[in-house]
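Chemist: Given the sequences, and given the hints that come with them, work out the whole structure.
2 protein chains.
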Amino acid sequence: MNISKEKDFSNWFNTIISDAQLCDLRYNVKGFVVFRPWAVKTMKLMYEEYEKVLEKNGHEPAIFPSLIPEKNFDIEGEHVKGFTPEVFWVESAGDSKLEERLAMRPTSETAMYQMYSLWVRGRVDLPIKIYQSCQVWRYETKATKPFFRSREFHWIEAHDAFATKEEAEAQVEQDMQMSKQVLTEKLGIPFVFFQRPQWDKFPGAVNTFAADTLMPDGKALQLPSTHLLGQNFSKAFDVAFQNEKEEKEFVWQTCYGPCISRIYGALFCIHGDERGLVLPFEFAPLQAVIVPILGKGKDGASIIKYCQSICNILQGAGIRAKVDESENTPGFKYNYWELRGVPVRIEVGGREAEGAKATILVRDGEKKDKKEVAFDELVGHIMEEGKKLSMRLKRQADEKFANSLHEAKTMHELGEKLKLGGIVRIPFVSMENDSKKYADEIKEKFAGDVRGIKYPAEKAPSGEKCVVSGKEATCWAYVAKQY
Amino acid sequence: MNISKEKDFSNWFNTIISDAQLCDLRYNVKGFVVFRPWAVKTMKLMYEEYEKVLEKNGHEPAIFPSLIPEKNFDIEGEHVKGFTPEVFWVESAGDSKLEERLAMRPTSETAMYQMYSLWVRGRVDLPIKIYQSCQVWRYETKATKPFFRSREFHWIEAHDAFATKEEAEAQVEQDMQMSKQVLTEKLGIPFVFFQRPQWDKFPGAVNTFAADTLMPDGKALQLPSTHLLGQNFSKAFDVAFQNEKEEKEFVWQTCYGPCISRIYGALFCIHGDERGLVLPFEFAPLQAVIVPILGKGKDGASIIKYCQSICNILQGAGIRAKVDESENTPGFKYNYWELRGVPVRIEVGGREAEGAKATILVRDGEKKDKKEVAFDELVGHIMEEGKKLSMRLKRQADEKFANSLHEAKTMHELGEKLKLGGIVRIPFVSMENDSKKYADEIKEKFAGDVRGIKYPAEKAPSGEKCVVSGKEATCWAYVAKQY
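Residue numbers (the numbering used here), protein chains in the order written: chain L, 669 to 1151; chain U, 669 to 1151.
Only true hints are included.
All copies of an identical chain are treated as equivalent in the list; a pair is satisfied when it fits inside any one copy or across any two copies.
The calculated EDC-like cross-link candidates involving lysine to aspartate or glutamate, where the alpha carbons are at most 20 Å apart (straight line), are: (1) K1038 - D992; (2) K797 - D992; (3) K698 - E767; (4) K1001 - D793; (5) K1062 - E1052; (6) K724 - E993; (7) K990 - E719.
Worth flagging that the hints you see were computed from the coordinates, not collected in a lab.
Note that this is a predicted model, so its numbers are computed, not measured.
Modeler: Given below as structure tokens:
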């Protein structure tokens, strides 16, 4: 594609989703897109990985209905205020008007907790740790952007209920750990967990913790968030148990929502380059493509046959591989598969076929990095190179992320630093609701958002003044422009 | 549960879904249920298996929006007539009335084929073989029944487009083959593929082929169906390519829809027994449960430790295993896991722990079938017994199915045979629309439905008269009561 994502991110983004066939924006409902096979294959691998980690941590899968009666929303006051403006409403079916409007779930608290109320009787029924992999619908009024913000998106939501506050708090920590296991360790996506300001938490939560990463244009993108719900919902939905003294106790709840379609967006934006997608080895739909080079006077059939035998041993070793036997030129094929981020390219001409070897190039390498590898060593070599590629991607992303963290101690400095992109740390008055007006001032002046305080909490700045209000600063706040 | 599914299927069915916690019917939208973890875990394994087979046969996954503009439905005349009465309509979002009503997809032809029209330009873009795993919504006016007929159900839909009629016809055959690979070979579910009568085909199809199995009460249940769409939709949605002569040609299409939630229903109804679920080894959420037997005076800690070491080697071999360390009695645990269909129970008392062995009982066995197995042989033994269990289930189901196929040559005989349950073969006038009135007569008299002719086609009955009309019979029709 030959576009720099650093210099022209918007163009890079629009080009890659169309050229690498990640999604199609021409679907005829506003804010809805078609996710095409190349993106879906990686998203499926991401779902699998996430579900594995959730299950290892005691979660079980369930499937709840996607329609929720309007009356369920009215039960928790903050929740209804937060979500009602975003709900798609089903009002009729066939020829009949429905007696009650049904919401297409924007999130499933109000569908699930009425069932939890039926399921929880005694302490023996706790904890409940259930997740569902599904889509949700939100009538976004902000500009939509494929993968980042659509009116239908694909996520996992885990909803947990505990007998004690301590267990719920520990779950929030576990949710952050799981985010790290998948996003950092597997996908190479750097992020910081922030505790969101009181004015920016999930409707109905006591506290919201959300991971922010950075896009190539320096804007923050929210990734998984986990919410300490306390007893807000359990009191509203009557999710309670009899304790040892036969008293009624309400459960303590948490919910966690990694959005797979959005994380996929972050993944390709963070690792991609001017030639197209670059994907960690484990998550590439195709991990190795074998390109036969059939020059004049060469024995085409025997080269193809040799390519097939390479493909067979790779597949036998569990590597997703294929031979590109299409009629295009090798050069065309190189570009095609580079654009799609296939981690390993294997070139096979007459010389390779005769010598029982192959020429290997890893996706992020240059021509000069090509290596000849003997047939017998191919599997081991590709596995090794794949692992190294994933590690390189993670390291580069981490470095870039670390270089995008700034600090400012005056409004002027904050404005200057925000122009650089990234996240700026400032002394700030507090995260309580009455400090929202100072955050609004930052928003108005610099289009920057206060993302919260770091989690776990940092030591408060000592003797510093809030850069906006001039009052005593009680915390380090983090500011960024956001998607 | 101690209920015979043959004698009292309805009671058996309602009891098992509640006692084994397969789904919860108390969700507060009519026709919608909550699928609980025990059912979802098996359904996930079934999805995985089906997706693997689809991909092996050249299909790729995609995700299309779940909302479809009303105007898309109007494009194919038969399709709109067939589905409009069943559609849930989204009419507003937030506070706004939508400009156009959006259908919650009852099936995705009208969402997908407008995109196929954009994607297909030349022969090089064909075939398209795309599937999506998703849910669909239908406002059923018939009585709903969990798993069998809900207003939201979970399926896979594969939509294929080809340059030629022959390829489309071959795809229909491949769809039937895939049904056989998953349902017959993996799940042990017997069925017959029928070509449905013209009056009972998928709205918009040229021909519909559907697999029917039988429930314990002798009624037929439709499983996967595949539809030859011909050029009906491609002409309506303008899915066409330029052929070699630069002429416009419309593609030939098929679609295939295995409904996972329904197949799961068939699975547990066919294999279950009076004690609860019986599941093929490969699809059991838990394949082996280890029950410690801690009698008086025994060394509990060392028994538990030994159970853990068994669990570890089983898990290491890829067997889904766990130790039931709850405080219930062994007898309670036996019933509990039998009800849930865990294929292998492993009893471990002091004698087993000291002797480095374990007592094994397979789910469909009796007390007398218990076997002592040495620790070192456990993995091999359980794998072997698991395989045998799956084969036994298949064989029993096949036998029962074969015994439920009858034949009748008069209306009276048809009535008598239908009382036995199962499928009755009769000489019949034809599958064309003008024979519908004779099928209606059967429906009215015996509540039996003409399911179609067998596929591949049988030899027509020679010299027989149609049992209803008395006219010359041109085919063997199959009749059954249905869900």
